[in-house]
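**Student:** Here's the letter readout for the chains.
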Amino acid sequence: EAGVTQSPTHLIKTRGQQATLRCSPISGHTSVYWYQQALGLGLQFLLWYDEGEERNRGNFPPRFSGRQFPNYSSELNVNALELEDSALYLCASSLIFAGNTYNEQFFGPGTRLTVL
Amino acid sequence: AQSVTQPDIHITVSEGASLELRCNYSYGATPYLFWYVQSPGQGLQLLLKYFSGDTLVQGIKGFEAEFKRSQSSFNLRKPSVHWSDAAEYFCAVGSSYNTDKLIFGTGTRLQVFP
Numbered sequence: 013e014a015g016v017t018q019s020p021t022h023l024i025k026t027r028g029q030q031a032t033l034r035c036s037p038i039s040g041h042t043s044v045y046w047y048q049q050a051l052g053l054g055l056q057f058l059l060w061y062d063e064g065e066e067r068n069r070g071n072f073p074p075r076f077s078g079r080q081f082p083n084y085s086s087e088l089n090v091n092a093l094e095l096e097d098s099a100l101y102l103c104a105s106s107l108i109f110a111g112n113t114y115n116e117q118f119f120g121p122g123t124r125l126t127v128l
Numbered sequence: 014a015q016s017v018t019q020p021d022i023h024i025t026v027s028e029g030a031s032l033e034l035r036c037n038y039s040y041g042a043t044p045y046l047f048w049y050v051q052s053p054g055q056g057l058q059l060l061l062k063y064f065s066g067d068t069l070v071q072g073i074k075g076f077e078a079e080f081k082r083s084q085s086s087f088n089l090r091k092p093s094v095h096w097s098d099a100a101e102y103f104c105a106v107g108s109s110y111n112t113d114k115l116i117f118g119t120g121t122r123l124q125v126f127p
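Those sequence lines, one after another, are chains A and B.
For what it's worth, the numbering used here labels the leading residue of the first sequence as 13, then goes sequentially.
For what it's worth, the numbering used here labels the leading residue of the second sequence as 14, then goes sequentially.
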């Protein structure tokens, strides 16, 4: 069974440009999560999508946005890129079971975004 | 507010030595606790998790962790480290409600000398 996949592996942009990162969840998973792993800051929760809807958002400005498609894949868009947006962006997926108290998240390998 | 503290940024051990990575959490309700490992250029791999029950949890690759509510700790241990264990280790806490964001510690980088 294929795991969570992300593309591209690396992305280089300049300040002010827009970046689009993509994530395909494990087959059958309906939830997708995005995390930012910036140097020295650890992993920070960005966004959670489930069944095509944004369910929760971390403490990030509105220029970080995304969407989830009917096939449950997801895009993360970062507008007006700033130098500090340089980071590894990790995507995770899970399957929500009604009544479960917790649903494990499975992570992809990440996209390394470099802003020059 | 939920938080996770990993007080050791960098740990160096010799191959074959025992290992303990510290993790302290702050969470008002019953926490769901996790340890992940990240090898260079890789995503996160789940080592083990604690939801409830036995406070000593066994994971993959010979790792174990012990939940101590009185100390708000969830330390990761391995009796004998292998060179392939060199990686970054993250402790995380999850919500006790339906799945939501994970709160991660800042990570501990483990270096293993032969």
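None of these hints come from the bench; they were simulated from the model.
Owing to the predicted nature of the structure, the values given are computational and were not obtained by experimental measurement.
For every residue, glycine included, the Cβ atom is placed at its ideal position computed from N, Cα and C.
Be aware that one or more of the hints could be misleading.
Result set (SDA-like, lysine to any residue): computed pairs, CA atoms no more than 25 Å apart in a straight line [to be verified]:
1) K74/B to N71/A
2) K25/A to E63/A
3) K74/B to K25/A
Quick partial rundown of chain B residues pointing at chain A, CB under 7 Å, derived from the structure [as the list claims (entries may be wrong)]:
4) Q55
5) G56
6) V94
7) W96
8) K114
9) T119
10) G120
Per the computed footprint, the stretches of chain A lying under chain B, defined by three or more beta-carbons under 8 Å from a beta-carbon of chain B, are [as the list claims (entries may be wrong)]:
11) 44 to 56
12) 117 to 128
**Student:** Determine for every hint whether it applies to the structure shown.
**Tutor:** Structure-based check of each hint:
Distance restraint check for K74/B and N71/A: the Cα-Cα separation of roughly 34 Å exceeds the 25 Å cut-off, and the hinted pair is therefore not satisfied. Taking the CA atoms of K25/A and E63/A, the gap is near 30 Å; set against the 25 Å cutoff, the hint is violated. For the hint linking K74/B to K25/A, the alpha-carbon distance of about 38 Å lies beyond 25 Å, and the restraint is violated. Interface hint at Q55/B: satisfied, since its Cβ lies 6 Å from the closest Cβ of chain A, which is below the 7 Å cut-off.
Because the closest C-beta pair between G56/B and chain A is about 4 Å apart, less than 7 Å, the hint holds. A least Cβ separation of about 23 Å between V94/B and chain A goes past the 7 Å threshold, and the interface hint is therefore violated. Hint status for W96/B relative to chain A: violated, with the closest Cβ pair at about 22 Å, above 7 Å. Here the hint on K114/B is kept, as its CB sits about 4 Å from the closest CB of chain A, short of 7 Å.
With 7 Å as the threshold, the beta carbon of T119/B comes within range of chain A, its nearest partner Cβ sitting at about 4 Å, so the hint holds. A cut of 7 Å between beta carbons decides the hint on G120/B: the least distance to chain A is about 6 Å, and the hint holds. Here the stretch 44 to 56 of chain A counts 7 residues with a CB under 8 Å from a CB of chain B, which clears the bar of 3, and the coverage holds. Remark: the stretch 117 to 128 of chain A is confirmed as covered by chain B, as 6 of its residues place a Cβ nearer than 8 Å to a Cβ of that chain, reaching the required three.
In summary, the numbered hints that this structure violates are 1, 2, 3, 6 and 7.
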